[in-house]
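A.B. asks: Those protein sequences? They're chains A and B, same order as listed. Letter 342 of the first sequence, counting from 1, is numbered 342 in the numbering used here, and no numbers are missing. Letter 92 of the second sequence, counting from 1, is numbered 92 in the numbering used here, and no numbers are missing.
What the hints contain is simulated information worked out from the structure, not anything from laboratory work. Worth double-checking, as some hints may not be accurate.
[Said to hold, decoys possible] Computed from the model, here is a short list of chain B residues facing chain A with C-beta under 10 Å: (1) Gln185; (2) Asp190; (3) Glu210; (4) Asp243; (5) Gln302; (6) Thr336; (7) Ala349; (8) Asn352; (9) Leu353; (10) Leu404; (11) Arg412.
Note that the coordinates shown come from a computational prediction; the quantities given were computed from them, not determined experimentally. We put the beta carbon where it would ideally sit given N, CA and C, even for glycine.
2 protein chains.
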Amino acid sequence: MSVANYVREAKQASFRLMCLPPNAKNKALTSIAKALKESCSLIVKANKKDYDAAKKLRIKNALLKRLILDNHKISQMIAEVRNVAKLNDPVGKVLSQVELDRGLMLYQVTCPIGVIGVIFESRPDAITQITALCIKSGNAVILKGGSEAKNTNKILVKIISGAAEKAGLPKGAVQLLETREEALQMLKLDECIDLIIPRGSNDLVKYVQENTRIPVFGHSEGICHVYVDKDADIKKAMDICFDAKCQYPAVCNAMETMLVDKDIAEQFLPLIIKKFKRAHVVVKGDEKTRKIVKHLKKANQQDWLTEYNDLILSIKVVDGLSDAINHINKYGSKHTDAIVTENEKTADAFLNLVDSSSVIWNASTRFADGYRYGKGAEVGISTGKIHSRGPVGLEGLVIYKYRLIGKGHVVRDYIGKNSKKFKHKVIKK
Amino acid sequence: MSVANYVREAKQASFRLMCLPPNAKNKALTSIAKALKESCSLIVKANKKDYDAAKKLRIKNALLKRLILDNHKISQMIAEVRNVAKLNDPVGKVLSQVELDRGLMLYQVTCPIGVIGVIFESRPDAITQITALCIKSGNAVILKGGSEAKNTNKILVKIISGAAEKAGLPKGAVQLLETREEALQMLKLDECIDLIIPRGSNDLVKYVQENTRIPVFGHSEGICHVYVDKDADIKKAMDICFDAKCQYPAVCNAMETMLVDKDIAEQFLPLIIKKFKRAHVVVKGDEKTRKIVKHLKKANQQDWLTEYNDLILSIKVVDGLSDAINHINKYGSKHTDAIVTENEKTADAFLNLVDSSSVIWNASTRFADGYRYGKGAEVGISTGKIHSRGPVGLEGLVIYKYRLIGKGHVVRDYIGKNSKKFKHKVIKK
């Protein structure tokens, strides 16, 4: 079957998914969880194949690690699916209601987006989470995983789509593409696919953005900052900066650049850099930083633009709040940026003026995450500026439609002199 | 100055607009309204120049009409600006609030999108409405109008930006591009521009979509349907279909195709077609329609895909609700579609299953409009499936950011055995 056919099938399925009652979707999710549990050994076997092949190809250790699915990991995946079933149904919520005139009522009601294409690398456990979120939100999903995990992906989608169909979901609601060429073909089908979510490296996201007219959610880079203000509590600043850099440096919400106000730099920098060095962080500083703490590597403009994803940190001494905000808005990636200060006015200005999807006062950037934000599960983190921003959960997979209900109302009656007048009475907003 | 410079200036302005208090924005709008009033004769003079030039070029009458700004039209424009000032401020609204843990509070707060590029044709009055909405929502705006209205556009933007600056808005908040080449350059500046809104012909919208990676709001086509169900009240069906086609046929929410259930066709079609013919509507029918009413033109597949924007209508006899829904989802443009029926169950299925931004029961498609929906003013109508759909008002010009406020919280404390647990207490949702 060609990609266009797969996608058409998904579109047809999406029309049926659109109006499934919550319990039908939850039943499907429960069946999927059960089927995954029953086929655990099959999944582990397929995954072993992928792992062995990847090892032969000398794939990086970090990637290898993310590829592995053992019984423990699969249990987590199953728990996630069950968890999504428990979340509130995001479809059919009345967002607003206006009585336009007597007997003419306008409802703004959430509905699924339609067909969602998801392109992800390695990490086969992304399949269960994303599929569960798509089903729960009434969307059809077309998945394309990394080739390193092809056997794992195949068995997972086979189990999931089989169980979903048995539980009454339409055929074609969950599909898998296998090659890069197929993925590229999908990106061209903007008539049938409503949204693309890329999850993976910056290169993947950029490739997707450059090759499609379909709206794309996600983030290519996570260049996150912590600004240590002159009114910072030194202890908090130490804890937050250390956590933001070291707690898990490989992820997108880790700090890449630390900005320090010049008035606190001499006091703060020697302390925090000592702490970083003990944790084997490679510290790079601008000129002013290197005057305060000797023998640091030089940070240049390229560093302000780099997502290290590693135990490397660039530091810049800034001339107060505005300088810090300007730096972040210029070099940041609109992901997550934090300020440490005891001054509420300064914090408020920072939170207002930094143009990022998450802005944080006196806490670590590492909190910017769907689970920690209480969303139950996350589709990804978006740095875009329309629809959804920051960690995106179920709510990002729905849009709304207007439902207008009348009793034979026509516009002609509202035109011209002596015409009927609209009431526009807001019932819910 | 180059386009890149204009756009950079707009970006800088957007950072300042972001956090203007409501009264600063309203003051600017009031000043703009005042300045427009004082310069009324200048505007009329510039517009006369454009009109005379356009007349010489033998531009179509309909376009010529939309180009004219007289004192009455300018008063309306001024009233619209004042009206936008009166709307609720859409920025800074707390959409949700979650206590992640003691002392760690997450707010989801609306904020402006940033820089919005608007490309429109003819109709210079679009400038005041769009600019007012952008200012009110804290966005910078770059406008590119039709070349037929270049003198009018120039004087309008000069008056508006002058008044805005005098009232304290940052320089560069409202800008005008003058040539097609400049517009194309703008479409390439996806680093600085956050959203493009094209207002004009299908060709314009398609051109914009094909030439930019910036998200685009709007609609290229308005192929709207009315489905007359077998349980329709004939009187309502007559009124609604006539209104949807004839009340103002040149607009995007007018009906282009009428679908009629086979069980009511013999009764309904002769009556409505007689009424249409009296109103000089050219009626085209499919085979079944032409068996019931003789001497009609033939409607073919191309007709189902055509937005006539004129007193032309295609009619198809369908085999019940599913057939109607399938036709609409296949050939429609996701704009606005209506059902006429007295059967609530049938209506509900239609409203659920038709995948359009406005779905209507027993009222005319012509109601799908920002003013009639009670939005005060409208940016345009979007048939996209993310962010905003249907008539888009102020709410479509904002997005949100997450503001997380802690007391030195770090993620490390929430990892591993015996760690702190999140509360995720929903304060507002």
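A.B. asks: Is the interface hint satisfied for Asn352 of chain B? The criterion is a beta-carbon contact with chain A at less than 10 Å.
C.D. replies: It holds, given that the least Cβ distance between Asn352 of chain B and chain A is near 4 Å, below 10 Å.
A.B. asks: Hint check: is the beta carbon of Gln185 of chain B less than 10 Å from a beta carbon of chain A?
C.D. replies: Violated. Min distance 18 Å.
A.B. asks: Does the CB of Leu353 of chain B sit less than 10 Å away from some CB of chain A?
C.D. replies: Because about 6 Å separates Leu353 of chain B from the closest Cβ in chain A, which is inside the 10 Å limit, the hint holds.
A.B. asks: Per the CB criterion, is Asp243 of chain B less than 10 Å away from chain A?
C.D. replies: Hint on Asp243 of chain B: holds, closest Cβ of chain A at ~4 Å, below 10 Å.
A.B. asks: Going by Cβ atoms only, is Gln302 of chain B closer than 10 Å to chain A?
C.D. replies: 17 Å, violated
A.B. asks: Does the interface hint hold: is Leu404 of chain B within less than 10 Å of chain A, judged Cβ to Cβ?
C.D. replies: 4 Å, holds
A.B. asks: Would the stated hint for Ala349 of chain B survive a check requiring a Cβ distance to chain A of less than 10 Å?
C.D. replies: 8 Å, holds
A.B. asks: Does the interface hint hold: is Thr336 of chain B within less than 10 Å of chain A, judged Cβ to Cβ?
C.D. replies: 9 Å, holds
A.B. asks: When the nearest CB of chain A is found for Arg412 of chain B, is that gap smaller than 10 Å?
C.D. replies: 5 Å, holds
A.B. asks: Minimum Cβ distance from Glu210 of chain B to chain A below 10 Å?
C.D. replies: Result: holds, 7 Å to nearest chain A Cβ.
A.B. asks: Would the stated hint for Asp190 of chain B survive a check requiring a Cβ distance to chain A of less than 10 Å?
C.D. replies: 9 Å, holds
Figure legend: structure checked against the earlier numbered hints; hints not met, in rising order: 1 and 5.
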